[in-house]
Each structure stands twice: as structure tokens, then as C-alpha cells.
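Listed below, chain by chain, are the residues.
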Amino acid sequence: MKLHTMKQSTERWLQIGLKTTHNRIVLLGLVTVLVYLSFWFGVLILRSFHGSASGMLQATAICLGFYQLWKQRRQLERQTAPEEDQLLGHILTISGVLLFPVCLLATWSQAMTSALLMALICVIILAGIACSTWGAPFFGHHAVSTFLICLGLLPKPAEISRELWRSFTEPEILERSMAWMGSEALKLIGQPAVANGMMISLPNGSVQIGWGCNGFDMAMTMVVASLVLGLFLKQSLPKIIALMVIGAVLALVSNIPRIMLVTIAAVYWGKYWFDFWHDSWGSQIFVSILFTIYYYVVMAIVKPRSKASMAK
Amino acid sequence: MATTSISNNGAPSYSGRALCRIVGVACLAGFIVDMLILALPPSLGSAEWRTGFLQQMSDRSIILLFGAALTIYGGFENRAWRKQLGTVCLVLGVVFLLSCVLVVRDGLTLNDIATRNINTQAAQIQSQIQNAKPGQSNVPDLTPDKLAQASKIVTDRAGSLKENAKTGILKSAMGIVGNLVVVGLALISLGRYGMRSRKS
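As given, the protein sequences belong to chains Y and L, one line each in that order. Residue 536 is where the first sequence starts when you use this note's numbering, and the numbers rise one by one after that. Residue 346 is where the second sequence starts when you use this note's numbering, and the numbers rise one by one after that.
Bound conformation, chain Y alone (with noise of 0.2 Å):
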């Protein structure tokens, strides 16, 4: 009973789709774009099962991106296109469309780059769909939606960031300069400590900062956290460039803290605490003792806004 409802809606919306050469366009860049997504939503879960957190997350981006636009979508649905933004559109969601399966031939053998290209184009034949079905203002007035949707399609962000830092800045600065702060701050409590290069020395025995201590992915997950959170809430855009930096100078200066008690238990407690504040018990205390104060300091910004938009 349920096959055959299933049948007849899909019978009715394939028939709604082939109606109008706008709509046949538009029906050829979703076919495409859902035979990719279901292929990376597969990809995500295996990822969730080897127990990455960051594959949930960003299927999470995409399905919200989607369920803010289908929340609008009775306002979306009197939005119409002008002729100049129908022909980009096409123009986009058929090049997309003619690309996907040359692309997928060409990088076959290549996981990664295959993926990051699958993902690019899926990026613009869904930009191409929107543009030809509701113009090219709907990319300033659902900035939020665009953004989530890109974000998680995109191929692990993190690894892409971290090579985009490492490729403009001098190498190992941000582990330096961690490990020059941490052994300061030590000082300041008493220790006898001194950094040469990436290592925290002390009397008896020394910590080497490496990449996942510098704190850079944290500071990264806050600068999106804070986009996301402005643009969500509506700011203005020094604003949220504020936000934006204070969430990452907040995740580097909480960072050192984190860098002095790993230092400590590592030298003086034993490898049990070392790891117990290394690992994820003692990240999960520290990110939610990051979330309060940050909390706190969203608010503070955000507040006064509103107030005066209430007053209005």
C-alpha cells in the first residue's frame, strides 16, 4: 500500500518535473546531486562507525541548511527568477551535470581528490538550481543555509585547513609559540620551566607540543561555531567578525592552561593523569569550561542589539 503511494507521488513529481525545460534542468542537477550525496551520507556513517564525530557534524550542517530553506519555503515559493539569472542558472546546473561523470572517470583512482571535486561541483550545480529558481539574491538572503550546505559537503575541512595554515605561515609557529606561552605561565606558578623550540622542559623530563595541542583546530571549529552563531542570530558584520575573533583568541588562550596541567601531569604525575587530561576526558572538561566563558562573552556582545530592537 505504502510501495504503491510511494509509486504514484514519484510518478507524479517525475511528471511535474519534465514539464518545463526549466524544470527538466532542474530535475537532472537533483538527480546528480542526490546520487552524490547519498554516496558521501554513506561515507559519513562509515566515518561515525570508526568514531570521527566531525562526519555526523557535518551531515548535521547540510540537513539544517535544508531544513532552514524548507522552513521558508512558502516565502521562497513566490520568489521567481529574472531571465539573466535563469540562463546563469542553466547555464551552471548543465555544465555541473556534464562535468560530474568526466570528473568521476578522470580521478577514479584518487579518493581524495575525487571526493573534494565531487563536492565542488555538487556546489555549483546547487548553486545553479537556486540561481535559475529564485534568483541570485537568494545567495545574500539565506547566507546561513548556503553556507551550512557548502561546508558539509565539503571533504574534511579539517585536514584542508590545517594545510592551508601550515602553507602560508612558517612552519611549526603556532607549536612554538604555544610551548614559549605554556612554560612562561609555568614560570609564573612557580616552575622551573624553559621552552627550546616545540618542547616544555623541566627538571625531570620534558613535553614536545605537537599538532593536535596547538590548539588550531579548536580555534577553527570556533571561528565557524561564531560564523554560523552570527549569521544565525542576524548581526552586522563587524560584529560577527568580532565573534569570530574572539572565539579564536578565546581557544588559543585557553590552550595554555590545557598545555600547563598536560605539562605537569606528564612530568610529575604519571602516564594515567597524562593521558586522562590528553585524551578526551580532559579536552571534553576543557571545551566546556571554553563554552561558558564564551557563552558569556556572545551574550555580552549580542545583548545590546536586541534590546534596542525590542524597544523598537
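Hints were generated in silico from the structure; no laboratory data involved. Hints may contain errors.
[What the hints assert, rightly or not] Under the rule of at most 30 Å between Cα atoms (straight-line distance), these lysine-lysine pairs were calculated in the DSSO-like manner: (1) K691(Y) to K511(L); (2) K769(Y) to K838(Y); (3) K428(L) to K554(Y); (4) K691(Y) to K507(L); (5) K691(Y) to K516(L); (6) K691(Y) to K606(Y).
[What the hints assert, rightly or not] Take a look, some chain Y residues computed to stay more than 10 Å from chain L by CB distance: (7) L569; (8) L572; (9) L604; (10) T615; (11) C638; (12) T648; (13) T668; (14) F703.
[Stated by the list, open to error] Not the full set, but computed from the structure, chain L residues with beta-carbon under 7 Å of chain Y: (15) L443; (16) V446; (17) K516; (18) R537.
All C-beta atoms, glycine included, are put in the ideal place defined by N, C-alpha and C.
Take the given structure of chain Y and dock chain L to it, following the hints.
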């Protein structure tokens, strides 16, 4: 070429539009000549040639943008002409955006090739070090310690070379993609503006 014919058949007038038309057409013609010289002889199969060509194109693309804007402004009264030029700009903008995909792909391919070359060379040197048994070669004071040291130096050097190659390729790819995206979006906006039917 259509651009020259339109600039000649306008009535002689001393307006700003005519000047814009001349400069715009000159910019466009200059860009096309540059691109032809760069593109010939084409070897579309090689990633190096494609990346080099796209880099040159993205560096010069601001001239194309400038020329297109001036030409559209110069021929603003002629609605059919404006619309045609707008369509061309729109298509060119989309081509610019799509070629970013190609740049990303070629960048990753070139990085793979560079890494493989460094790995092969490092492996060759490592095998030479392995083969040089102490006492056998004509160097008298060759000790296992020195061999291990040499092996470590080769490994470190290969690692830093790979990192450098990756950084260089990523940087130039980012530069090309940035230019292409900016000029592509600008061309698309220009095309939309030119194609818009004049209601206001």
C-alpha cells in the same frame, strides 16, 4: 570580429561612451592576442601546460574584465548588442568558475607527481647507502654509524622537500583559484547587468 565592426559604425560623436568603446575594444583585443600567443601550441593533455596557461590567464584576466565593462558601457544604447555582450560575459564567467575545478585537480595531480619523484630519488639513494657495506668500498673510515646518519639525513631532506613542493603548489593553486573566482563572479555580475532589460 563583431567588436570592431560595432565600434566603427557609430556616428562620430565626442562623447565619453565612444572613448570607452575604443579603450574597451583595445583591452579585449589585447587580451585575445595574449591568450592566443600563450595557448599556441596547445598541449591539453599535460597538467603543467594547463596550470601554466590558467595561471597566465588568471593574471591577465583583469584586463578582460576592464575591457568588457568599458565595451558594455560604450554600447549601452544598443540593446541587442548589450544583451549579446552580456551573454558572452556570463558564459565566460561560468567558464572561469568551472576552470577552478580543473586547477584544483591539476594541483593535486602535480603534487602527487612531485611526491612520487622525490620518493623514487630518496629510495635510490637509500638503496645505495644500504649497498655500501663497511669495509667493502674504497672509503676507509665507513662505519655503520655514519651510514645510519646518512640514511637519516636523506629521509629528513626528502620529507622537507615534499613539504616544500606541496606548499609551493598549494600556494600557486590558491592564487589562480582566487583570481579566477573573483574575475569569474565579476564577469557574471557584469553579464547580468548587461542583460537586464532596462525597466528602471
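Going down the list of hints, with the structure as the test:
1. Restraint check: the Cα-Cα separation between K691(Y) and K511(L) comes to about 18 Å, which is no more than 30 Å; the hinted pair holds.
2. Of the pairs offered as hints, the one joining K769(Y) and K838(Y) holds, with about 12 Å between alpha carbons and a cut-off of 30 Å not exceeded.
3. The hinted pair formed by K428(L) and K554(Y) meets the criterion: a straight-line CA distance of about 28 Å does not exceed 30 Å.
4. Straight-line distance between C-alpha atoms of K691(Y) and K507(L) comes to about 21 Å, which keeps the hinted pair within the 30 Å bound.
5. Distance hint between K691(Y) and K516(L) is fulfilled; the C-alpha atoms sit about 19 Å from each other, no more than 30 Å.
6. Proximity of K691(Y) to K606(Y) is assessed by CA-CA distance (about 28 Å); at most 30 Å being required, the pair is judged to hold.
7. Distance check on L569(Y): its Cβ is at least 20 Å (rounded) from any Cβ of chain L, clearing the 10 Å threshold; non-interface status holds.
8. With a closest Cβ-Cβ approach of about 18 Å to chain L, L572(Y) is found to remain outside the 10 Å limit, as its non-interface label requires.
9. No Cβ of chain L comes within 10 Å of the Cβ of L604(Y); the nearest lies about 22 Å off, and the non-interface call holds.
10. The claim that T615(Y) lies off the interface holds: its Cβ sits roughly 15 Å from the closest Cβ of chain L, which is beyond the 10 Å cut-off.
11. Non-interface status of C638(Y) relative to chain L is broken: a Cβ of that chain comes within 10 Å, the nearest being about 7 Å off.
12. Not every CB of chain L lies more than 10 Å from the CB of T648(Y), the least distance being 5 Å, so the non-interface label is violated.
13. Every C-beta of chain L lies more than 10 Å from that of T668(Y), the closest at about 16 Å, which supports listing it as non-interface.
14. A cut-off of 10 Å between C-beta atoms contradicts the statement that F703(Y) is not in contact with chain L; the least separation is 7 Å.
15. About 6 Å separates the beta-carbon of L443(L) from the nearest beta-carbon of chain Y, less than 7 Å, and the hint is met.
16. Here the hint on V446(L) is kept, as its CB sits about 5 Å from the closest CB of chain Y, short of 7 Å.
17. Proximity of K516(L) to chain Y holds as hinted, the smallest CB-CB distance being about 6 Å (cut-off 7 Å).
18. Nearest Cβ of chain Y to the Cβ of R537(L): about 5 Å, under the 7 Å cut. The hint holds.
When held up to the earlier numbered hints, the structure conflicts with 11, 12, 14 and fits the remainder.
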